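Visitor: Turn these sequences into a full structure, and let the hints guide you.
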Amino acid sequence: MNARHDYAFLAELTAAALFFALAATVILTLFAGAQKRADEAARLSGAVLAASSAAELVRTSASPGADFMAAYGAAPENGGYEAFLDPSFLPSERMEYVLRLECSEENGLCRMRVAVMFPDGEEIYSLSCASYAGGEA
Amino acid sequence: MRRARFKKTPMGFTALGAPSILLVFVLLCLVCFASLSLVSANAELRLAARLAQNTADWYEADALAQDRLQRLDALLAAGGGAFDEAFKATLAAEGFQYTPENGEDRIVFYTTISPYTAIETLVRVSGGKGALMRSANVVTEDLVYTELPFIWNGVIQDD
Chain A
0 MNARHDYAFL AELTAAALFF ALAATVILTL FAGAQKRADE AARLSGAVLA
50 ASSAAELVRT SASPGADFMA AYGAAPENGG YEAFLDPSFL PSERMEYVLR
100 LECSEENGLC RMRVAVMFPD GEEIYSLSCA SYAGGEA
Chain B
0 MRRARFKKTP MGFTALGAPS ILLVFVLLCL VCFASLSLVS ANAELRLAAR
50 LAQNTADWYE ADALAQDRLQ RLDALLAAGG GAFDEAFKAT LAAEGFQYTP
100 ENGEDRIVFY TTISPYTAIE TLVRVSGGKG ALMRSANVVT EDLVYTELPF
150 IWNGVIQDD
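Line order of the protein sequences matches chains A and B.
Under numbering that gives the first Met the number 0, the first sequence has 105 at position 106, and the numbering climbs by one with no breaks.
Under numbering that gives the first Met the number 0, the second sequence has 20 at position 21, and the numbering climbs by one with no breaks.
Please keep in mind that the hints were generated in silico from the structure rather than gathered at the bench.
All of these numbers come straight from a predicted model, not from anything done at the bench.
A virtual CB, placed ideally from N, CA and C, is assigned to each residue, including glycine.
Possibly wrong hints are sitting among the right ones.
A few chain A residues facing chain B, derived, Cβ under 10 angstroms [as the list claims (entries may be wrong)]:
1. V25
2. A40
3. S51
Derived contacts from chain B toward chain A, CB cut-off under 8 angstroms, selection only [said to hold, decoys possible]:
4. S34
5. N136
6. E140
7. D141
Guide: Structural data, given as structure tokens:
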């Protein structure tokens, strides 16, 4: 009789432990997925703000390259200009992200591309803008 | 000594102890919180993606407007500053609207950003040269809202 009770108790305990393990796996997966998506969203939002801030600076500037270097402490690199951003997407010496500007000018129209990327070159966000020097206000 | 005799009650498979019920309840709560957190993070990501797309679209449209501004300058240089009918037709063919105002020659053109918005660029022309006067976002179409199901507005018919 006692052995049967012990067996029933052990069976219930095992079932509870298995259920707990299964549920814990599901919960952890959900929380991990949520964390990953939240990080991705924060990174994309930060990259959009950083890129649009830089674009606003260069599209209203007479000499985009020089102004970009002065504002972000950028240096010429691979035919463009590169600056480093910290985890908050602010100009910094710390190389968490890279802000890159590429310019090409033709007949007074300066076409530019601003990109935010990881140090290994993987792009997070980029946008194209232009400024026409001939259209004086 | 007599052993206390308990009345035996039949216990089915679903008969669980209080700790097990508590465990199930706690796990259900955790699953709910995890799901809510996932839904919230997903909404954040979609919002960020939409913001990214809208920002890129706006800058692309602005770049196109700058491109057209350059083209307008070239047309004005070729036209020599005379707004005769042939020149107006050439401008109209390229989407530039001639709109004289207060004795000034003005040209306006629109660059589409989205189905409902555009960048309006206004250029004043004098001596065959254009000067940018305004570049602003304008709403070009009435927004079409999704019709919502009936929601009680708090007004009772008998009132």
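Visitor: None of the hints should be skipped; say for each whether it holds.
Guide: We went through each hint and held it up to the structure:
1. V25: holds, 7 angstroms
2. A40: holds, 4 angstroms
3. S51: This hint holds: S51 of chain A lies near chain B, its Cβ roughly 5 angstroms from the closest one there, short of 10 angstroms.
4. S34: At about 6 angstroms, which falls below the 8 angstroms cut-off, the nearest Cβ of chain A leaves the hint on S34 of chain B intact, so it holds.
5. N136: With a minimum Cβ separation of about 14 angstroms from chain A (threshold 8 angstroms), the hint on N136 of chain B is violated.
6. E140: Cβ of E140 of chain B sits 25 angstroms from chain A, so the hint is violated.
7. D141: Where the cut-off is 8 angstroms and the nearest Cβ of chain A is about 28 angstroms from D141 of chain B, the hint is violated.
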